[in-house]
Every structure is written in C-alpha cells, then in structure tokens.
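Visitor: All chains should be built: construct the whole structure from the sequences, respecting the hints.
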Amino acid sequence: MIRILVAAAIAVMGLASAALPAAAQEVARVRDGVKIVPGQTRIMIIQPNIKVGSMSTGGLFEPNAEWTATARGLIDGQVRQQLGTMGVKLAETPAGDEAGAAIASQYRALFPVVAKAVMEFQFFLGNRLPTKKRPGVFDYTLGKDIARMPGAADADYALFLFSEDAYGSAGRKAAQLLMAGLFGVAIAPGVHVGYAGLVDLKTGDLVWLNADPQMGGDVREADGAVKRVGQLLANFPGTAPAPAATAK
Amino acid sequence: MIRSLLISATLAATLAVATPALAANRLIVPNVSVAVAKSAMMVTADREWNKLGARPGPLAESWTLDGDVLNRLSFYGGLINGATLFREVDRKNRPLPKVRADMLPTDIPALFEQSYRIAENSGLFSVDSIEPASIGGASGVRFTYSFSKQGEDVARKGEAVAAMVGGKLWLISFEAPTLHYFDAGITSARAIMASVRLPAK
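Chains A and B supply the protein sequences, listed in that same order.
FYI, my numbering numbers position 41 of the first sequence as 41, with every residue one higher than the one before it.
FYI, my numbering numbers position 78 of the second sequence as 326, with every residue one higher than the one before it.
Just so you know, these hints were derived from the structure itself, not from any lab.
A hint or two may mislead.
To be verified - In the BS3-like style, the derived pairs of lysine-lysine whose C-alpha atoms are separated by at most 27 Å in a straight line are:
(1) A:K132 / A:K202
(2) A:K132 / B:K286
(3) A:K202 / A:K227
(4) B:K397 / A:K116
Guide: So this is what it looks like as structure tokens:
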C-alpha cells in the first residue's frame, strides 16, 4: 500500500510540476559584489556528492555502486576540464588528517541542505520567504567556520557539487506507459537533480548557486557527463557575462 | 498489478484535487506581540522572522529565518487531551502519541521524542538534557535534543520549553543543523521563548 501511495504521490508531483508556469522557478543567482577573476581567483573543488541508482516501480531509490563509481570518475574529470577551459585557477584540495576530513565531510553534508533551502524558499517564487524577496538579497551561508576546512587558507572559494540520478527500472517504464495510456496520469520516469555552489572560504557565504531542476545527460556515459557538467557549471560567475539573476 | 495501478490513479487524481493551495509565508516584524498557533499564546520577536504557510499540526505554527531545513521555530498552542503534536502519518501502523490532560511536565520530552521518531521518521533521536523552567510564568521544562533526518548526513540540535497549563500542552521548540545554524539562531529563539505569554487557566 505504501508503495502505491508513493507512486501516487510521484504522479501528483509530476502533474504539479508540469502545471507550474515556467517563470515560477529561478535557477541561478550570484551574490552582489562577488569578483572572480579567471587565472587569479583560487577555487578549491570539494569532492562532488554523487549518487546514481535506479527507481523501482513503486518509486523507491536503489543505489547502484558501479554506476556511481563510473559517474564520479566522469564528472570529476569533466569538472576539472571544463573549469580549466574557462580559465579558472584551481587550488589544491589536500587530503588532510582524520580531523580535517571529518570537518570537510560535515560541510559536504550541509551544502545540499543549504541548496535545498535556497531552491525551496528563494528560487521557487510561490514559496519565497518575505525576508528573501527584497531586491538584491541572496543571503545564505555555510558559516565562517568553514575557514577551518583543510586547504581553505590556500584558496578563495570552494566549489560544491551535488548530483543524484535515479533511472527508471523496466517495471517502472512499463507502468509509466500504462498509466499515461490508460489514465493520462504522468509518472516521472526517474529523478535527475543536480546543483553547484560556490562558497567564500573566508566568510562561508554562498556566493553562487546553480540549481536547474531539469538536469540532462546520462552521467553513466562520457557524453552524458559532458552535458551534465556543462549544465552544472552554467553561469559560473566571472567566466562569462553572468547576470545577477537568471530565470527560466 | 492493474488493480494497484487503478488505485494509484484514483489516489493521484484525488490528491491532485484535494491538495490545498500553498498558504503564503508572512513576515514577522520585531517588537510586536503576536498570537501564534491558532491559540491565545502570545510572543514577541526580537528580529525579523518568516511565518511559514505550511503548519506542522492543526494547532501548530512554524517560523524560519532561512528555510525550515536550516532553522525552524515551532509553536504548539494548547493541545488538549487526545491531541497529537503533528498530523498522523500512518495512524493504523504507527499512531502518534497523544497528549494527556494529566501529563506532568517531565512527561513532555518523551511525547516529543516519540512524535519525532514517527513523524520525522527519525531513528536517531535523543533527548540530551531536561531541567525545570518557567514558560510564560507557568512551571514547565526546558529540554535539549539532537537528531538527524532519514536520508541526510546532517546532525541537528534542538531546544524546547514546554508546560501543561489547565490540562493543555504549550510548547515552543527551535531546531537547526548543528553546524553554524543552531548557534546562529538560538539567541533569538530563546528571546522569543522568554517573551511568551500564556492564557490564564
């Protein structure tokens, strides 16, 4: 019964998201006053948080270690390559000792929560908080203690990346066709979310977030990873004319 | 399979129609006394907060600074005998614990913990300290807790004050990720807890 309810909820979410006006979701924002100079500003890449798996007919996520390892390698390589092409200066990311690694993993865990708050309470116009509505306001942080993270003293910004893909199982695809054909009810074929953020290593402030809810590219394939990373790094500040806010 | 899908389609259609429009979030301005949680509980904020349109329970209300996953201040206003903190998530298999009019203040943290374990699906929840405290002039408890949400690696901390007045439960809780957000929000949360005025019995 719970599986049926999950499927129903996903169907409703699919309908709801399909019904939203396109302008209801902002996808990226840069904090005012951020200056990133290609070739000078030092950016440290935090180990990307990547999850790949399948989605059962009932909508449950089942992680796939092999797909995740493949995607991690492909995305990691692409991030370095594409940032290099943009002229971004990369800082070393030291492994650090056990205590340092524990600090880094805490911030890796906090970043997706902050990103979700931005997406739900600032980017989604229908649910934007009154204090986040004021012109020019983009005020989120991971806290100034991020300066304790290994390598923070030798870099200006940290780049956080999150990518989660759940590919529909054969059963789910069959159910999707059946539901669409018989009842006109949409079941999402899978989940493909990703976001990237840049954090000031002196203040902890989130200075850029890119969170396009419609991520493309099959991260299990080289070509797909190129597309995915291109989307994650779209509007990267300082490398191209980046508007203060872009709406989709 | 077809039967399941039929039920699923019916549920989907029903939910799509029954889901209410998202209530708007509202600004809470500082230094103005406001009634919260559809009750006679009055509090005054020392800074701007946002009142969320979505309520955790029928007689509850939540405020946030940056989004409820980063800081959540919740008010539960005068829950009567038989009421629950949250809306039921699985009444048949995992019913939420109910408020009893004869509860002692020291019973409140256990009710809170059990409610979180069910409603938030939080297996990792602990009450870390309990001490006597005054809430709006009534004798009650202050307790601290820690937990994490299913599917997240973020550790969270919380602090609450609560009392039974006239057989009803009055409770205010603040919770946030341990990293940065708890310390950043607790001072204002405590000021609001200290400002509370409860109705006479």
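Visitor: The structure should be examined with respect to each hint, and the outcome stated for every one.
Guide: Results for each hint:
1. A:K132 / A:K202: 23 Å, holds
2. A:K132 / B:K286: Holds, at about 25 Å.
3. A:K202 / A:K227: 32 Å, violated
4. B:K397 / A:K116: 14 Å, holds
Checked against the numbered hints listed earlier, the structure breaks hint 3 alone; every other hint is satisfied.
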